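Every number in our numbering is 5 more than the matching position in the sequence shown, counting from 1.
In short, the hints are calculated from the structure, not lab data. Any given hint could turn out to be false.
Estimated spans, in silico, between C-beta atoms of each pair [stated by the list, open to error]:
(1) GLY208 - PRO166: 35 to 43 Å
(2) ALA214 - LEU183: 14 to 22 Å
(3) LEU183 - ARG244: 14 to 22 Å
(4) THR29 - GLN278: 30 to 38 Å
(5) SER201 - GLY280: 35 to 43 Å
(6) PRO131 - ALA32: 28 to 36 Å
(7) ALA106 - PRO166: 26 to 34 Å
(8) PRO166 - ALA214: 29 to 37 Å
(9) ALA284 - PRO247: 50 to 58 Å
Computed from a prediction, not measured in an experiment: that's the story for all the values here. Heads up, the beta-carbon is just placed ideally off N, CA and C, and yes, glycines get one too.
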Amino acid sequence: MQPIRTAEIISVGTELLLGETVDTNSAFLAGELAAAGIDTYWALRVGDNLERLKLALSGALERSDLVLLTGGLGPTDDDLTREAIAAVMGETPEIDAELEAWLRGRFSSLGREMPERNLKQAWLIPSAEALPNPGGTAPGWLVTHTAGDRSRLIVALPGPPRELYAMWRDHALPRLQLSGSDLYRLTLKTTGIGESHLADLLGDLLNEANPSVATYARADGVHVRVAAKDDSRARAENRAQPVVARLRSLLGDHVWGSDEDERNELIASTLRQRGLTLASAEGPSGGLLMATLA
Numbered sequence: 006m007q008p009i010r011t012a013e014i015i016s017v018g019t020e021l022l023l024g025e026t027v028d029t030n031s032a033f034l035a036g037e038l039a040a041a042g043i044d045t046y047w048a049l050r051v052g053d054n055l056e057r058l059k060l061a062l063s064g065a066l067e068r069s070d071l072v073l074l075t076g077g078l079g080p081t082d083d084d085l086t087r088e089a090i091a092a093v094m095g096e097t098p099e100i101d102a103e104l105e106a107w108l109r110g111r112f113s114s115l116g117r118e119m120p121e122r123n124l125k126q127a128w129l130i131p132s133a134e135a136l137p138n139p140g141g142t143a144p145g146w147l148v149t150h151t152a153g154d155r156s157r158l159i160v161a162l163p164g165p166p167r168e169l170y171a172m173w174r175d176h177a178l179p180r181l182q183l184s185g186s187d188l189y190r191l192t193l194k195t196t197g198i199g200e201s202h203l204a205d206l207l208g209d210l211l212n213e214a215n216p217s218v219a220t221y222a223r224a225d226g227v228h229v230r231v232a233a234k235d236d237s238r239a240r241a242e243n244r245a246q247p248v249v250a251r252l253r254s255l256l257g258d259h260v261w262g263s264d265e266d267e268r269n270e271l272i273a274s275t276l277r278q279r280g281l282t283l284a285s286a287e288g289p290s291g292g293l294l295m296a297t298l299a
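My request is simple: use the sequences and hints to build the entire structure.
Okay, here's the thing in structure tokens:
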């Protein structure tokens with residue numbers, strides 16, 4: 006299996022398309038993949054529809070080394086992730102005896118009788134390896150897809166974030182053969198300048214590929230993100246430093262913080278360091294300023 010360089014995320018669930026559930030899983034996985042040196046070029050949401058899931062998965066396997074699916078691993082008829090993977094692979098799922106025993110034992114430990122519909126959570130196909138789920142009843146799948154001289158991986162993860170985070174970090178990620186590259190990221194936070202003016206100021210820097218520079222309008226100002234990739238974090242940081250230095254020179258006093266800095270925390274800590282106090286008179290804000298600082 007060649008090292009994984011590109012990935013794609015497919016979030017499954019009609020509730021995502023109706024706005025009933027916010028898709029935080031994609032954001033989490035995209036961050037994890039970036040930190041592992043894997044480029045994510047595609048991410049999409051698909052409802053609980055077998056044909057559309059098959060179409061999405063088939064397209065993803067054409068484009069990406071790794072396809073991550075989240076959700077659709079429950080026991081009900083509209084949980085179709087396993088069915089879609091099996092159909093694309095041309096394989097028939099069967100109940101795995103070890104998974105069935107584990108599943109029945111889990112229900113028994115909770116003092117509950119297992120509904121027979123949950124048996125689909127014990128399915129496996131020949132090309133799939135089960136991923137343990139200590140926090141729930143839905144094991145994941147790690148599937149190897151081979152077409153010609155190309156091998157691709159499919160990882161199916163449960164939808165509940167608590168279960169997904171643990172399965173990804175403890176059981177899926179350690180099984181992946183990564184590209185060996187690493188990522189360095191720095192976000193400079195600015196104020197007093199709009200995004201379009203800032204883009205004009207940065208000019209050709211926004212067209213660079215590695216390091217890349219991008220701007221994002223946020224509630225606390227415009228953020229400027231620098232990202233560089235190399236075969237180690239130290240080399241990636243060294244690659245980024247000339248661009249970071251140029252950005253700081255161009256942005257000057259517009260920069261008020263970086264990365265996890267919060268403006269209200271910086272103001273409060275600066276007041277404390279200088280032994281200063283603050284008085285305020287608030288009207289329309291209804292005390293929000295003091296509540297924030299407090």
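Hint check results:
The supplied range of 35 to 43 Å is met by GLY208 and PRO166, whose beta-carbon atoms lie about 40 Å from each other. For the pair ALA214 and LEU183, the beta carbons lie near 21 Å from each other, so the given range of 14 to 22 Å is met. Range check, LEU183 to ARG244: Cβ separation about 19 Å, and the 14 to 22 Å hint holds. Between THR29 and GLN278 the beta carbons are some 36 Å apart, a value that agrees with the proposed interval 30 to 38 Å.
Here the CB-CB span from SER201 to GLY280 is close to 40 Å, well matched to the stated 35 to 43 Å. Our hint of 28 to 36 Å for PRO131 and ALA32 holds, since their Cβ atoms are close to 33 Å apart. Roughly 27 Å separates the CB atoms of ALA106 and PRO166, a value that falls within the hinted 26 to 34 Å. Roughly 32 Å separates the CB atoms of PRO166 and ALA214, a value that falls within the hinted 29 to 37 Å.
Restraint check, ALA284 to PRO247: a C-beta distance of roughly 44 Å breaks the suggested window 50 to 58 Å.
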